[in-house]
Each structure stands twice: as structure tokens, then as C-alpha cells.
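Trainee: Sequence:
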Amino acid sequence: MNTFLIIDGLNLVRRIHAAQPNENDTNGLDNRVASACKKLLKFHQPSHAAIVWDGNEISWRKHLFEDYKKGRKPMPKALSEYLPSLKLHLAKIHVNSLDANSEADDVIATLASKLAASGGEAIIVSTDKGFTQLNHPKIKRWDHFNKAYLTVEEREQKLGVQHSQFIDYLALAGDSGNKIPGVPGIGPKSAIELLKIFRSLANIYLSIDEVGAKQAKKLEEGKQMARLSYKLVQLQTDMPLKANLSQFRLPQEAVSS
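The opening position of the sequence shown corresponds to residue 956 in this note's numbering, with each subsequent residue numbered one higher.
The set of hints was computed from the structure by calculation and includes no laboratory data. Yeah, the Cβ is synthetic: ideal placement off N, Cα and C, and Gly gets one too. There are no misleading hints in this set.
Simulated restraints, written as ranges between beta carbons of each label pair:
{"#": "1", "residue 1": "Ala1157", "residue 2": "Trp1015", "range": "20 to 28 Å"}
{"#": "2", "residue 1": "Pro1206", "residue 2": "Trp1015", "range": "32 to 40 Å"}
{"#": "3", "residue 1": "Pro976", "residue 2": "Asp1164", "range": "52 to 60 Å"}
DSS-like cross-link-like pairs, simulated, lysine-lysine; straight-line CA separation at most 25 Å:
{"#": "4", "residue 1": "Lys1113", "residue 2": "Lys1151"}
{"#": "5", "residue 1": "Lys1032", "residue 2": "Lys1134"}
{"#": "6", "residue 1": "Lys997", "residue 2": "Lys1093"}
{"#": "7", "residue 1": "Lys1186", "residue 2": "Lys1017"}
{"#": "8", "residue 1": "Lys1084", "residue 2": "Lys993"}
{"#": "9", "residue 1": "Lys1134", "residue 2": "Lys1144"}
{"#": "10", "residue 1": "Lys1186", "residue 2": "Lys1144"}
{"#": "11", "residue 1": "Lys1024", "residue 2": "Lys1134"}
{"#": "12", "residue 1": "Lys1084", "residue 2": "Lys1186"}
{"#": "13", "residue 1": "Lys1028", "residue 2": "Lys1186"}
{"#": "14", "residue 1": "Lys1093", "residue 2": "Lys1113"}
{"#": "15", "residue 1": "Lys1172", "residue 2": "Lys1134"}
{"#": "16", "residue 1": "Lys1186", "residue 2": "Lys1151"}
{"#": "17", "residue 1": "Lys997", "residue 2": "Lys1069"}
{"#": "18", "residue 1": "Lys1173", "residue 2": "Lys1186"}
{"#": "19", "residue 1": "Lys1151", "residue 2": "Lys1172"}
Start from the sequences, fold in the hints, and give me the full structure.
Mentor: Below, the structure written as C-alpha cells:
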């Protein structure tokens, strides 16, 4: 069975780089990232591995909603300029790069979903909780920094909703980290209660006359934002990929060293 280790490039590298006191210092970064990758290969013993990077094109999410991810700290210039060299260094240890046009998330979701559908197993290395919406028994999520799997069950417990309601919950409550608005006036507690009663976003709006007057008014006024937020939080699993699985096959020495 093929096991594909898919590394969220900037999720890993920015965390490693952030440990440096000076953000303009990239000395030794290639060795630290390579060391992390070698540990991942040795622990998971995959047959294939790739590190996926964000591209420079404007995301389709940004086109839909201009404030998406607004206010996020930009990548330090020194790190941005260092990435081409880092990619070459990682290729020497057989961790080849795949560059997304814009956001890496959708490319990672597509790679993982396609492999799982064909009978393989995907291990996504990222601390991004959004990947838990990919609820497939052959897709796992690994937090390199805490050395632990990120499970759907933990996410359900944290949010207070079932896996099938993750996207509905975020469409209602929003996601401050990504500046996804949700429905103004409907916070996490209200979103949980509504989903306990009505089960889904669609059912909430179909049963709007059964919702209390104050909440119903907020939901009606925020209907377009709910629809927009629902689209923004969904991972795309059918992105066109200019790559072949064979490009990422690992030689035996890569997982044994």
C-alpha cells in the first residue's frame, strides 16, 4: 500500500524559523528543517513524500472575500528569499517540493483525497485544524511539534459539534484566525445550540420560523455571510495537479537513515 507523507511547507518552516530571535537570520535553517523532515520520514516510514508550498497568486477565497486572512503577519522577507535554496536542500534528502498556485491547503487536500480514494494512506503534517474536515479512515493528520495525531474526536470535543457539522459551525460562528466572518451576532455558543436542535445550516434556514425572534433576525440579516463563510471554510479536493505520484517515491535509504 502506498503511504504518502504530505508536509504543509510553510506551516512547518515558519514555526521552525520563528524560534530564531532574529527573523532575518536564516543560518542553519536548512539543516533544522531537513532534520525535522528526516525524523518524519523515519517515524512514519512512507513510500512517498512531498512538501507543499503556498504560491503567490491571489487565492480564490480572497477573490470571494477581500478580508480573508486580513491582518496576518506577512512572511519575513529573509525567509521568503531563502525558500528556493531550502527547497533544493530538501530535494537532496528526497523530500521534493510541490508549489501550489495560491494556497497549499487545497492542493494538500486534493493529494490526500485522491490517494485515499485509490486505496492508499495519506499522512498530512500540519497543525492546521481545518484538515480534520477530511474525515476518511485513510487520511491522518500529524502535529510534528506535539508529536501527536490530530483526531476528529478531539476536534469534535473542542468545538462541541459533530464532524459532519464542522463546516456548518464555522459558517455560523466564523473563524477569527482566517478572518472568516460567520453570521454577525451568532457566536460559538449560539452556533452549537442551533446545530444541536436543527442539525445543519440548511435546516436552520428552512426552519427559521422556529428560531427565537432575535436570533432569527440575525440569521436572516447574515444569510449571505453564512453562505459565503460556508464556501470559504471548505477545502477543495479536486484541484488540478501538475504532478504525478511517482515524482515523490522515496528510495529505501531516505526512510532508514
